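A.B. asks: Here are the chains, one letter per residue:
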Amino acid sequence: MNRLRFLWLPIVVSFLVGAPVFWAFPEGLRFWRATAIVLGWVGCGLLLASLLLMVREVRLAIWLGGLERMTLWHHRSGVAAYLLLLLHPLTLAADGWQESPLLAWQVISPFSANWPVWVGWGALLLLMLGLSTTFARHLPYGSWRWLHGLLGIGVIVGFVHVLLLGISMAALLATLAAVLLLVWRLIRVDAGCAAKPYIVNSVHPVAQSMVEISLRPLATPIVARAGQFIMVAFFHGPHYRGCGEYHPFTICATGPGAEFSIGIKALGDCTQQMQRLEAGVAARVQGPFGEFLAERPATPQIWVAGGIGITPFLAILRSEPLSQPTRLLYLFRSTADAAFLDELQALAERDAHLILEALPTGAGIPNVEKLLPASDLLSGKECYLCGPPALIESLSRVLKDRGVGEQNIHFESFDFR
Amino acid sequence: MTRKLFIFSTIAFWIAVAGLGTTSVWWLPAGQGAAQAKEQTISPADLAKHRSPENCWMAIRGAVYDLSTYLPEHPSRPDIVLPWCGKEASEAYNTKMKGRPHSPYADELLAKYRIGLFAKVP
Numbered sequence: 064m065n066r067l068r069f070l071w072l073p074i075v076v077s078f079l080v081g082a083p084v085f086w087a088f089p090e091g092l093r094f095w096r097a098t099a100i101v102l103g104w105v106g107c108g109l110l111l112a113s114l115l116l117m118v119r120e121v122r123l124a125i126w127l128g129g130l131e132r133m134t135l136w137h138h139r140s141g142v143a144a145y146l147l148l149l150l151h152p153l154t155l156a157a158d159g160w161q162e163s164p165l166l167a168w169q170v171i172s173p174f175s176a177n178w179p180v181w182v183g184w185g186a187l188l189l190l191m192l193g194l195s196t197t198f199a200r201h202l203p204y205g206s207w208r209w210l211h212g213l214l215g216i217g218v219i220v221g222f223v224h225v226l227l228l229g230i231s232m233a234a235l236l237a238t239l240a241a242v243l244l245l246v247w248r249l250i251r252v253d254a255g256c257a258a259k260p261y262i263v264n265s266v267h268p269v270a271q272s273m274v275e276i277s278l279r280p281l282a283t284p285i286v287a288r289a290g291q292f293i294m295v296a297f298f299h300g301p302h303y304r305g306c307g308e309y310h311p312f313t314i315c316a317t318g319p320g321a322e323f324s325i326g327i328k329a330l331g332d333c334t335q336q337m338q339r340l341e342a343g344v345a346a347r348v349q350g351p352f353g354e355f356l357a358e359r360p361a362t363p364q365i366w367v368a369g370g371i372g373i374t375p376f377l378a379i380l381r382s383e384p385l386s387q388p389t390r391l392l393y394l395f396r397s398t399a400d401a402a403f404l405d406e407l408q409a410l411a412e413r414d415a416h417l418i419l420e421a422l423p424t425g426a427g428i429p430n431v432e433k434l435l436p437a438s439d440l441l442s443g444k445e446c447y448l449c450g451p452p453a454l455i456e457s458l459s460r461v462l463k464d465r466g467v468g469e470q471n472i473h474f475e476s477f478d479f480r
Numbered sequence: 877m878t879r880k881l882f883i884f885s886t887i888a889f890w891i892a893v894a895g896l897g898t899t900s901v902w903w904l905p906a907g908q909g910a911a912q913a914k915e916q917t918i919s920p921a922d923l924a925k926h927r928s929p930e931n932c933w934m935a936i937r938g939a940v941y942d943l944s945t946y947l948p949e950h951p952s953r954p955d956i957v958l959p960w961c962g963k964e965a966s967e968a969y970n971t972k973m974k975g976r977p978h979s980p981y982a983d984e985l986l987a988k989y990r991i992g993l994f995a996k997v998p
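Here the protein sequences line up with chains U and S, keeping their order. Position one of the first sequence corresponds to residue 64 (this note's numbering), numbered consecutively onward. Position one of the second sequence corresponds to residue 877 (this note's numbering), numbered consecutively onward.
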């Protein structure tokens with residue numbers, strides 16, 4: 064990623080935080096009251112940034128350094144806003160405390176007959192409830208998604224709190240921006256208006272609980288490279304009833320007529336259902352996103368794939384011969400889970416640059432210290448990792464311990480919750 | 877990491893709120909009442925002399941308050957509050973928003989700016 068694209072995201076977040084604080088910076092107020100006002104506006108700015116970063120548009124994602132980075136900053140700015148907004152009422156109380164402890168409670172008491180205070184409490188409780196469900200990862204994705212929406216309602220209620228305080232222009236602009244971003248997300252992303260219509264062309268089982276699906280465009284196709292990922296929702300077919308949720312999948316091959324194929328592993332209720340997909344099922348596709356493996360230097364490389372994480376590497380190998388020495392370490396639970404193994408072995412025989420190591424590791428995260436090459440063999444190599452988040456974390460830690468620089472470790476984790 | 881931060885900060889917040897919510901149980905105000913005995917009585921004519929933003933007195937519920945230093949901190953727009961400087965403003969104070977009075981917090985805060993009793997015209 065070039066430096067400008069790397070900087071755009073912090074610049075945008077800094078602007079959204081800095082502009083309201085600059086506009087509303089308190090002068091001549093006591094320290095704690097001024098601090099409370101600044102905390103409130105910084106929290107509002109971070110909430111706006113968090114809303115902007117959940118808008119899933121191709122151009123925006125390219126501009127801000129990718130969907131994964133946007134999602135990471137969406138989480139960070141949302142949690143930072145929550146922490147500062149928790150401090151907002153407490154610092155207001157600290158201002159009252161200077162007069163008397165009783166006054167400190169009166170400032171924030173939800174029992175006072177005061178609409179701004181009631182609405183402020185309502186917003187904070189909605190944010191609290193929304194974030195607590197956000198961190199409840201055991202929830203099924205469908206329920207989780209709807210409960211996550213409480214955060215959006217909390218943000219709007221929070222801006223109503225600012226409006227009720229009589230702060231007209233800035234609050235009105237911020238509320239309009241928040242509503243616009245939420246509506247944009249709901250219409251373009253959740254309702255799928257930005258998605259292109261496709262139809263399932265063929266379905267092939269490639270391993271235990273994993274299928275490869277070929278998709279054909281029904282209108283203007285997306286322009287994607289092999290190895291990029293897309294968000295796909297499957298709907299109904301002759302005998303299939305889809306769940307209609309958008310999930311990320313890597314494009315593992317592109318074909319004639321703008322067709323492409325994706326690998327789907329059963330990782331949850333919806334992807335389990337997708338194992339029964341059939342030709343003729345309607346689909347909608349958003350994207351493409353991601354540039355993992357797109358800007359590979361000419362230096363020797365080490366690729367490590369865990370399970371379904373093989374798909375971006377397979378996509379590159381299917382699309383073009385390698386131009387740099389590459390060692391592919393493919394980890395899977397058992398032979399029954401080793402998707403595309405025969406094809407990978409055939410590709411390795413044909414491509415002199417490719418060395419394939421395929422290893423069954425059993426259930427759980429394998430001992431990667433034994434699997435990765437020693438420090439001297441890692442020197443000067445670019446490392447690309449794709450697989451479950453726990454495996455990526457473990458691999459990254461060992462690679463760093465063995466002297467590989469952070470800038471030489473690249474990964475894609477698909478963590479969009 | 878962020879999950880732990882969320883849990884820790886939320887618990888700490890509720891402990892702080894619970895502590896503030898119980899102030900009336902453990903904190904007893906002292907030294908009130910003695911000052912009121914010596915209060916001056918301010919006439920409507922005297923009150924009317926203090927009607928600028930820098931010198932703003934208001935009569936509210938039978939007492940006069942010097943709000944000159946507080947006005948910059950008042951949350952609403954200046955054009956809502958300033959017209960009441962130098963006047964009897966109980967009605968405005970009691971019907972702040974949709975007929976609702978100011979909060980107990982505002983009552984508590986107002987007491988700090990009290991300078992005398994308001995002598996109503998008979």
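Just so you know, these hints were derived from the structure itself, not from any lab. Since this is a predicted model, take the numbers as computed values, not measurements. Glycine included, each C-beta is placed from N, C-alpha and C at the ideal position. Warning: the hint list may mix true and false statements.
[To be verified] Okay, the calculated beta carbon distance ranges per label pair:
(1) S:L958 x U:E162: 18 to 26 Å
(2) U:A199 x S:H950: 35 to 43 Å
(3) U:R132 x S:L947: 17 to 25 Å
(4) U:W86 x S:S919: 14 to 22 Å
(5) U:S438 x S:T886: 37 to 45 Å
(6) S:P929 x U:I74: 34 to 42 Å
(7) U:R200 x S:P954: 19 to 27 Å
(8) S:P954 x U:I250: 33 to 41 Å
(9) U:F174 x S:N970: 17 to 25 Å
(10) U:P203 x S:T945: 22 to 30 Å
(11) S:K988 x U:F174: 37 to 45 Å
(12) S:T886 x U:L281: 42 to 50 Å
(13) U:I125 x S:R927: 19 to 27 Å
[Stated by the list, open to error] Simulated crosslink set (SDA-like; lysine to any residue; CA at most 25 Å straight-line):
(14) S:K880 x U:P452
(15) S:K880 x U:D414
(16) S:K880 x U:K444
(17) S:K988 x U:T98
(18) U:K444 x U:A345
A.B. asks: Which numbered hints are broken by the structure, listed smallest first?
C.D. replies: Numbers 3, 4, 7, 10, 11, 13, 15, 16 and 18, in rising order.
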